[in-house]
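As they're listed, the protein sequences go chains H, L and G. Whatever position you read off the first sequence (first residue = 1), add 171 for the working numbering. For the second sequence, position 223 (counting from the first letter as 1) is numbered 216 according to the working numbering, and the numbering increases by one without interruption. Whatever position you read off the third sequence (first residue = 1), add 1292 for the working numbering.
No lab work stands behind these hints, which were simulated from the structure alone. Treat each hint with caution, since some may be false.
[Claimed, not checked] Negatives, chain H to chain L, calculated, CB over 10 Å: (1) Met222; (2) Cys320; (3) Leu332; (4) Leu454.
[As the list claims (entries may be wrong)] For each label pair, taking beta carbons as the anchor points, the in silico distance ranges come out as: (5) Glu338(H) - Arg1420(G): 43 to 51 Å; (6) Ala405(H) - Leu113(L): 21 to 29 Å; (7) Ala186(L) - Ser1371(G): 21 to 29 Å.
[Claimed, not checked] Here's a subset of chain G near chain H, in silico, CB distances under 7 Å, partners left out: (8) Leu1385; (9) Ile1389; (10) Ala1396; (11) Val1397; (12) Asn1400; (13) Ala1403; (14) Pro1426; (15) Thr1518; (16) Phe1560; (17) Ile1562; (18) Ile1565.
Here a beta-carbon is modelled for each residue, glycine too, at the ideal position from N, C-alpha and C.
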Amino acid sequence: MDFLYSYIVLAAIYVLLGLSTNLLVGIAGIFSVSQAAVFGVGAYLVAHFMMAADPLSFLPSLAIAAACCIALNILVTLPSLRVSGDYFVVTSFGIQLLATAVFTNWAQGTGGANGLPGIPPPDVFGLPIETTAQYMLLCAATSALGCLCFFLIMRAPFGRLLRAIREDETAVAAAGKNVLRAKVSAAALAGAFAGTAGGLYATFLSFIDPSSFDLDASILLLTMVVVGGARTLAGSIIGPFLLLALPQVLTLVEIPTTIAAAARQLIYGVLLIVFMLFRPQGLAGERL
Amino acid sequence: MTAYLQVTRLDHRFGGLHALQDCSFTIAQGRVTCLVGPNGAGKTTIFNVITGFLQPDEGSVAFRDRALDRLRPQAIVRAGIARTFQNLRLFTDLTALDNVMIGIAGQFGEEPVGAIFRPLHTARAQMRRRREALATLDHVGLADRANEVVRNLSYGEQKLLTVARVLATGAELLLLDEPASGLSAGALDAVMALLRRLQDEGKTLLVVEHNTRVVQQIADEVLFLHQGHLMAQGTPERIISDPALAEIYFGGAL
Amino acid sequence: MLALQLLVTGLVTGCALGVVAISFSLVYATTRIFHVAHAGIYTLGGYLAWSLTTWRVPLLLAFAVPVAVCAVLGALLQSQLYARLARRRATHLVVLIASLGTLAVIQNIIAAVYTPNILQFPLDWSSRMVAFGPVRLNWTQLLTIVVSLAAYAGTMWFAHRTILGKRIRAVASNPMLADITRLQPQSVYIYVIAIASALVCLPGILVPLDLGLQPYNGVTPLLTATIAMIAGGVGSITGAFVLSVAIAVLQNLSLLVMPGEWSIGVTFFIFVIFMLFRPTGLFAAAR
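Same shape as in the complex, but just chain H (with noise of 0.2 Å):
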């Protein structure tokens, strides 16, 4: 049973990063492979100010977190504004690679390559959180709230702003809108909703490394996003839900541990050239 409500928790922590870049991606438009960056930031952050000599609680860290990855998001999507999309392609793999390096090397902040153990189980309002499935409804009900936000805003003005300025910037600003601030509002969003994964994700391994936050996981995130479809609540969930059932059903076949890792990006790549050929919209969001 533990193993079903780890899955579901993992599952409920990837659905906030799957709304995450969806709004990014999907929404805005803006091409992003540093997602997992954020989603590390938060994680470190979290696991940092619980574990310092005068630690916070749970959901005071949090709260500090998913607001550094605010700024931190407006700041990195703000190129994306003042250059053209191909620029900001790089400024996204910039961002992701210099985030690793930074996990990586800086080993007095983040424990470098070795990851840092013995983060803290959270608790809210005083009340522990131990057991896998109080985690579980812990997870579930954030991403419950997550995907209400999304459903809200989705249905809002501000929902359809996002669709035009998807299909055409100039039309937008001349039917009287401010283009800029409505793609800082999505990433502002996107921030809150990768940083809050980082801790709920941070305490429920109570370790983290820099092998979560990788280009790899990015490209995961991005593959979340194609194979459920942009754009669309259900997508965000569908994706998260089936590509964490991936490395499961790879247990099954007969894989040498050593190419395991190998073949699950292997079959993260297959799906999105697939995808982006013949399903463009996923299995269940709009054309992207």
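Given chain H, work out where chains L and G should sit, using these hints.
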């Protein structure tokens, strides 16, 4: 009559091309002014300058005695000037109604905080805005197509929709880029009737148009542009009957 | 003295990087595809050469066969993937994601076949040192300089003196016009990506000859090369090459003041500076 829109000594180069040369003119409130001239005369460039999509090398634009220099496009729309595009630039994946609603200014829930924390208020405000947008669609004769995705509308309907979108912004000065081009006879009549209605309602129109019959029917005033410079200004009859201008217009085109 | 050695090593790295940059620039300026999978082709070339070398194939052949294979693979990518996407009027984002997927596929096939561990070429001459006064270089580094400069000169000659090169430049300057004037952009694109893939294979073999092979090592050079291309001005072969050398030298000299792990930060910093002050690049007009 005071100058409603004043364009003063605009000058702009694209690399080697001198798109606007010392171009000045004024437009009076409540009138329909047509901007004519051969291809490449700088008509669309003028639109781009007035609406803030292009910063001219020299010169300035003032609307109701307020300088518009260096304002962003969205600020110029708020100041009361909105435009259409020759290639329409509608949001083709959205419905006709949504296209109009994008134009409506100051909606609640247009940023995430309001949308998330006051969902009911957002929904109620949307209901009101939807009625406004429907009224605007009705005004251009597209009420029955409101929930159709734009891709499925005919070209004539799409042209009408571009006008509905600028109307929704509440702007008083409308810049229309070739509203009548490429239309069938029936659709052309609909557009012409709409333009006349707009004038009756007190809107000021600046229209780029090639069709001389259309110009004759709708224009109070014609501005003739050639090589980025204002060659002549006057009533449609005077401009169209001027043999020198006809030579430039048709000689250049053929 | 250390500074001088670092400067010269930087020049060597920069030459290799320059070839990556001009090959990427060829693709990008012509097709406007942000061809991320190029990093995979770069990596694949090195691994193929490694296999052939370990099988004791004659050296010249061991280096020439990967170049040919990569050219074919590039052509296939264009005709089977990018051209299909173009026919379906895929958006830029879709093409980019497909390219990223291709990169993931190539890298992970390599990782599955060769393991993710570092591999060294079984050649004894490659690391033998030659001293030039106070500066010491090995044979691989010397070879890198010669081959890279030859590749640069060859590309310049090709682009300006051959009919195909002129066609490519014509398509690059205006694909829409080329489409109606029967220059057939899509068929030109196949040649462009094939040539670029063959070109990128050269540094793809030479750099690992010195530093060893790893499956995920292609992304950083490609990113750096892309930054050089943008800073040099998109479409300028000379700009891409010169800026690559400049960035590599700066990176190497930065080792005097900070540890090597942060060199990606230095590169990125240069990019941000360019984006802020000269987003069109240094050689933008010199097409």
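A quick look at each hint next to the structure:
1. Met222: holds (31 Å)
2. Cys320: Cys320(H) not clear of chain L: closest Cβ-Cβ about 5 Å, inside 10 Å.
3. Leu332: violated (6 Å)
4. Leu454: The claim stands: Leu454(H) keeps its Cβ more than 10 Å from every Cβ of chain L (closest is about 19 Å).
5. Glu338(H) - Arg1420(G): 43 to 51 Å: violated (60 Å)
6. Ala405(H) - Leu113(L): 21 to 29 Å: Once the Cβ atoms are compared, 24 Å apart, the range 21 to 29 Å for Leu113(L) and Ala405(H) holds.
7. Ala186(L) - Ser1371(G): 21 to 29 Å: The hinted range 21 to 29 Å is violated for Ala186(L) and Ser1371(G), with Cβ atoms some 52 Å apart.
8. Leu1385: It holds, given that the least Cβ distance between Leu1385(G) and chain H is near 6 Å, below 7 Å.
9. Ile1389: holds (5 Å)
10. Ala1396: holds (3 Å)
11. Val1397: At 4 Å from the nearest chain H Cβ, Val1397(G) passes the 7 Å test, so the hint holds.
12. Asn1400: holds (4 Å)
13. Ala1403: holds (4 Å)
14. Pro1426: violated (31 Å)
15. Thr1518: Cβ of Thr1518(G) sits 5 Å from chain H, so the hint holds.
16. Phe1560: holds (4 Å)
17. Ile1562: violated (10 Å)
18. Ile1565: Violated, because the Cβ-Cβ distance from Ile1565(G) to chain H comes to roughly 12 Å (cut-off 7 Å).
Checked against the numbered hints given earlier, the structure breaks hints 2, 3, 5, 7, 14, 17 and 18 and satisfies all the rest.
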